[in-house]
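Given the sequences, and given the hints that come with them, work out the whole structure.
From first to last, the protein sequence lines are chains A and F.
Note that my numbering numbers the first sequence so that position 171 is 171, with each residue one more than the last.
Note that my numbering numbers the second sequence so that position 34 is 34, with each residue one more than the last.
There may be inaccurate statements among the hints.
Copies of one chain are not kept apart here, so a pair can be met inside one copy or by any two copies together.
27 Å max Cα-Cα, derived BS3-like pairs, lysine-lysine [said to hold, decoys possible]: (1) K73 / K245; (2) K39 / K469; (3) K515 / K531; (4) K415 / K531; (5) K207 / K189; (6) K515 / K39; (7) K134 / K245; (8) K516 / K39; (9) K39 / K527; (10) K73 / K134; (11) K73 / K275; (12) K415 / K527; (13) K189 / K245; (14) K531 / K299; (15) K249 / K469.
In short, the hints are calculated from the structure, not lab data.
One-letter residues, chain by chain:
Number of protein chains: 2
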Amino acid sequence: MSFDEKPGHAVDLSHHLSAVARARTVSPLTDFHKRYAGKPGVINLAGGVPSPVYFPWTSVSGEILVPDSFPLKVEDEKSSLSWLWKLDKERTASFTVHKYPQHPGDINMGTALQYGPATGLPQLQDILREFVGKVFQPAYGNWTTLMHAGNVDGWGKVVQTIVNPGEAIICSEWTYPSALASARPYNMKFIPITSDSEGIDSTLLRKTLAEWDEKSRGMRRPRCMYCVPVGENPTGITMSARRKKEIYKICVEYDIIIVEDCPYYFLQEGEYVPKSERGPEPEMNDETFIASLVPSYLKFDYQGRVIRLDTFSKTICPGAHLGWFTCNPMFAERLERMAEVSTHAPCGFTQIHVTSLLLEWQYKGYMRWLKALRLQYRQRRDYLLDCLAEEFHLQSSMSTQGYTAGALIYYASLKPKRSFVSLTEKNEAFSRPVFSFVPPTSGMFVWLKIHFEEHPSFAIVGYKALELKLWSELAEAGVVMAPGAVFAAIPVDDETVGDGHFRVSFSNSTPEEFKKVANIFAIVLQKFMRKQAD
Amino acid sequence: MSFDEKPGHAVDLSHHLSAVARARTVSPLTDFHKRYAGKPGVINLAGGVPSPVYFPWTSVSGEILVPDSFPLKVEDEKSSLSWLWKLDKERTASFTVHKYPQHPGDINMGTALQYGPATGLPQLQDILREFVGKVFQPAYGNWTTLMHAGNVDGWGKVVQTIVNPGEAIICSEWTYPSALASARPYNMKFIPITSDSEGIDSTLLRKTLAEWDEKSRGMRRPRCMYCVPVGENPTGITMSARRKKEIYKICVEYDIIIVEDCPYYFLQEGEYVPKSERGPEPEMNDETFIASLVPSYLKFDYQGRVIRLDTFSKTICPGAHLGWFTCNPMFAERLERMAEVSTHAPCGFTQIHVTSLLLEWQYKGYMRWLKALRLQYRQRRDYLLDCLAEEFHLQSSMSTQGYTAGALIYYASLKPKRSFVSLTEKNEAFSRPVFSFVPPTSGMFVWLKIHFEEHPSFAIVGYKALELKLWSELAEAGVVMAPGAVFAAIPVDDETVGDGHFRVSFSNSTPEEFKKVANIFAIVLQKFMRKQAD
Numbered sequence: 001m002s003f004d005e006k007p008g009h010a011v012d013l014s015h016h017l018s019a020v021a022r023a024r025t026v027s028p029l030t031d032f033h034k035r036y037a038g039k040p041g042v043i044n045l046a047g048g049v050p051s052p053v054y055f056p057w058t059s060v061s062g063e064i065l066v067p068d069s070f071p072l073k074v075e076d077e078k079s080s081l082s083w084l085w086k087l088d089k090e091r092t093a094s095f096t097v098h099k100y101p102q103h104p105g106d107i108n109m110g111t112a113l114q115y116g117p118a119t120g121l122p123q124l125q126d127i128l129r130e131f132v133g134k135v136f137q138p139a140y141g142n143w144t145t146l147m148h149a150g151n152v153d154g155w156g157k158v159v160q161t162i163v164n165p166g167e168a169i170i171c172s173e174w175t176y177p178s179a180l181a182s183a184r185p186y187n188m189k190f191i192p193i194t195s196d197s198e199g200i201d202s203t204l205l206r207k208t209l210a211e212w213d214e215k216s217r218g219m220r221r222p223r224c225m226y227c228v229p230v231g232e233n234p235t236g237i238t239m240s241a242r243r244k245k246e247i248y249k250i251c252v253e254y255d256i257i258i259v260e261d262c263p264y265y266f267l268q269e270g271e272y273v274p275k276s277e278r279g280p281e282p283e284m285n286d287e288t289f290i291a292s293l294v295p296s297y298l299k300f301d302y303q304g305r306v307i308r309l310d311t312f313s314k315t316i317c318p319g320a321h322l323g324w325f326t327c328n329p330m331f332a333e334r335l336e337r338m339a340e341v342s343t344h345a346p347c348g349f350t351q352i353h354v355t356s357l358l359l360e361w362q363y364k365g366y367m368r369w370l371k372a373l374r375l376q377y378r379q380r381r382d383y384l385l386d387c388l389a390e391e392f393h394l395q396s397s398m399s400t401q402g403y404t405a406g407a408l409i410y411y412a413s414l415k416p417k418r419s420f421v422s423l424t425e426k427n428e429a430f431s432r433p434v435f436s437f438v439p440p441t442s443g444m445f446v447w448l449k450i451h452f453e454e455h456p457s458f459a460i461v462g463y464k465a466l467e468l469k470l471w472s473e474l475a476e477a478g479v480v481m482a483p484g485a486v487f488a489a490i491p492v493d494d495e496t497v498g499d500g501h502f503r504v505s506f507s508n509s510t511p512e513e514f515k516k517v518a519n520i521f522a523i524v525l526q527k528f529m530r531k532q533a534d
Numbered sequence: 001m002s003f004d005e006k007p008g009h010a011v012d013l014s015h016h017l018s019a020v021a022r023a024r025t026v027s028p029l030t031d032f033h034k035r036y037a038g039k040p041g042v043i044n045l046a047g048g049v050p051s052p053v054y055f056p057w058t059s060v061s062g063e064i065l066v067p068d069s070f071p072l073k074v075e076d077e078k079s080s081l082s083w084l085w086k087l088d089k090e091r092t093a094s095f096t097v098h099k100y101p102q103h104p105g106d107i108n109m110g111t112a113l114q115y116g117p118a119t120g121l122p123q124l125q126d127i128l129r130e131f132v133g134k135v136f137q138p139a140y141g142n143w144t145t146l147m148h149a150g151n152v153d154g155w156g157k158v159v160q161t162i163v164n165p166g167e168a169i170i171c172s173e174w175t176y177p178s179a180l181a182s183a184r185p186y187n188m189k190f191i192p193i194t195s196d197s198e199g200i201d202s203t204l205l206r207k208t209l210a211e212w213d214e215k216s217r218g219m220r221r222p223r224c225m226y227c228v229p230v231g232e233n234p235t236g237i238t239m240s241a242r243r244k245k246e247i248y249k250i251c252v253e254y255d256i257i258i259v260e261d262c263p264y265y266f267l268q269e270g271e272y273v274p275k276s277e278r279g280p281e282p283e284m285n286d287e288t289f290i291a292s293l294v295p296s297y298l299k300f301d302y303q304g305r306v307i308r309l310d311t312f313s314k315t316i317c318p319g320a321h322l323g324w325f326t327c328n329p330m331f332a333e334r335l336e337r338m339a340e341v342s343t344h345a346p347c348g349f350t351q352i353h354v355t356s357l358l359l360e361w362q363y364k365g366y367m368r369w370l371k372a373l374r375l376q377y378r379q380r381r382d383y384l385l386d387c388l389a390e391e392f393h394l395q396s397s398m399s400t401q402g403y404t405a406g407a408l409i410y411y412a413s414l415k416p417k418r419s420f421v422s423l424t425e426k427n428e429a430f431s432r433p434v435f436s437f438v439p440p441t442s443g444m445f446v447w448l449k450i451h452f453e454e455h456p457s458f459a460i461v462g463y464k465a466l467e468l469k470l471w472s473e474l475a476e477a478g479v480v481m482a483p484g485a486v487f488a489a490i491p492v493d494d495e496t497v498g499d500g501h502f503r504v505s506f507s508n509s510t511p512e513e514f515k516k517v518a519n520i521f522a523i524v525l526q527k528f529m530r531k532q533a534d
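Structure below.
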């Protein structure tokens, strides 16, 4: 492998390009076009480009919330609910984008709604460059950004660019199903590595790589790692800086490209503190806010082997379908070629609206928005867990095993009135947990481990059948959670071992709904745990 | 192969799915989610879906041209120029879309900017269904539509869905470079079929298929045909209804899927009539307008073997990145799975703006817009050709050879003042063409064949070097055209045979620029044709 000879520059990683990525060509037309397009006095008849006269919009406008629409402090319990789910008084600003620029450098529809390069509007590129530099602070100099249509699109492009059919990809034991679905049809194989509470286990990762036997495995050692290191989907695990450094070192040693799919980066809610013990929020300026966030892999990436995927889906809106890669320029160039035969440039209307929003807000305003958003999600998480604490008996202890090892784990048992055992056994039953979880410090999800071993039919039908059964009973009772089995990196074969899970999202429900969810969950679990499976 | 047993329904074409397409899975989460999402009373915690409260827009608005902004008649020469390139007085209408619906069924940002299905907004689906039914009139009953992000994205998805690596794709001799670039990296091979003026030669197509020898070719007989049947890019050829029927029949016989990439369908300008002979435009209602357009392959597609790609890029704006497939439901379902791991749903802002525009205009208004757009492009084409007629001596005759066979071809020679031969040879030189072309009846391009055989160095350097040289000299003189070689379905090996071409777009220049282009072209050609190559 190559080592960094020019400090500050990405090392040569071109051997990582897939056969397909190598074969992608620069559009000769683009190439010819670029040489002369935009030169003053040159008349361009090369492109099949409609006149902006025929774009039916003369202007588009947006009414947008001001950056400080959501608070940075929880004043009291009442305020925490009154503004949590709906803004009483919206304070807004507005922008209008015209077909033709009113001043030089204006965003305009003549450009944004025209064919354009896959790199997107220059105004947006500038915003992202500033943002990535200040927030993620890549450890090498010649990093670059490139737009994509959201992280699923971004990962789909990465897979086609650095993995060949039949090759292996390292991932977590439980991971994002769409990421699996992008690669599996190309016969790419996922190699799950077990996690502890700080993320995938570096010792296990090293062991897996060191002991890799091409012959028995039927494929070469993996050269790509997929991860959701902050608020992992579905487990909620956030990889620590320490673990990232360990893993980065292993990836240098074994020449692995790290794909950091990081949609939840700004939803770092911090530790869960039970309701009675909560104190006031610390005040933070932009620098202390950034410093309080777990660093991106980019911060340790002195070789340029990280491809980071960011998206506006969680911080602005999913329908923008807008995100970006941060990576070395060699990968970016090949990814741009891929974009030219798929999504091409980002959608013009999205570029107009998102760029106008960010120009109106400015870096400072967007930071203000992100700080408040984090608090919103903290309160949502806290509220859901508070509701569970009301309906169940929660006991916490330090976990030493499995993917929760090193974290404070909460065991939930049915409250006496709902205990599923007879009165004489009550004291014992009171302490037998029906589910457990580690409160996530980031992201949108609580990952509940359901203690199906407490179910009378467990020994006969196994956990997977029970997971589906409980899922259906909950859904019939009016609560839909995501069943754990769909997140398995390797589909479950043996249904008699392993654990059952539900992924519970706290991103989009009202306080009343969370209360109801906890209540229904307790009622359904109580019935479920005492019943024989049909 | 299968034949249609249930009349009105697509035949079973599932054997056409690529290995990758077969392996694509329905997201289990989507599946679980769908079963209960939206059911009244059900609380959905399954999705990682942000609350619309956090979408920063409270409303977006658009100011749009009225559908009759452009005329349906050319009143006189002056009017034809005064409104051609810029609207003096814009008449507009406006729409506003709010975060939450004001009335049931309203488009709203809460839905459009949220995660959504790859099928797009129901309002847009309804519009497309009406449009396709009325305009393209598919010959079978259970056709369906599915959104994509533009025809390049659409074709990229089709290639991955019905062609395996190493397989062959039929196309025209000269075709769209991005279509080639989507498939070539997967080692898919293009099999070019020569055209005449009605499109690819059906006799040659049949011969190629009938004589296909797997062994000598190293691949199985092609099962996919890619075509741009209206205003073909780059040649401008429009396939006749008769030819489409012949080719469809062959495709039934040899079990071939027809991919109809048709961005220029509504730019059917009609026959070019020299300036002095032009009469008034006939008036047309929507039905006669539709009847005047060459039919889509869909109209003959009684088996459901056509995948048609439509886009709003040429009729509304390219930056919308919005288009749709029309195809049988089995292909649509597999293409939807592909969308779920790439672009996912169409961009929300585009859906808001395009759907609002079409709802404001209604079907009737959009038809009015398209009729006028066709006239705009007719006038653009006419004006460019009129400019060439002023600078060059044009002579027309019926072509009997090559891809122009059956069409009226125009031969352009230098006017006496610019003749590149000595005065004594003037009469002869006057009749020697320097380029020739068939005026396109559709699309955005004039495809000029340059008569490089007139160049003194032709025998030594061949046409390709001359094409590049002329391209550079034109560009240096301020005119950029697209060099023909980039459109070759099979890259040119032998540079000493074949013809040189330029693709000239008339879609986006002003009358003054067209005049200047013709003038510069004449000056550069005059110098070029008398010079020895360096």
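### Query
Which hint numbers does the structure go against, in order from smallest to largest?
Of the numbered hints, 1, 14, 15 do not hold.
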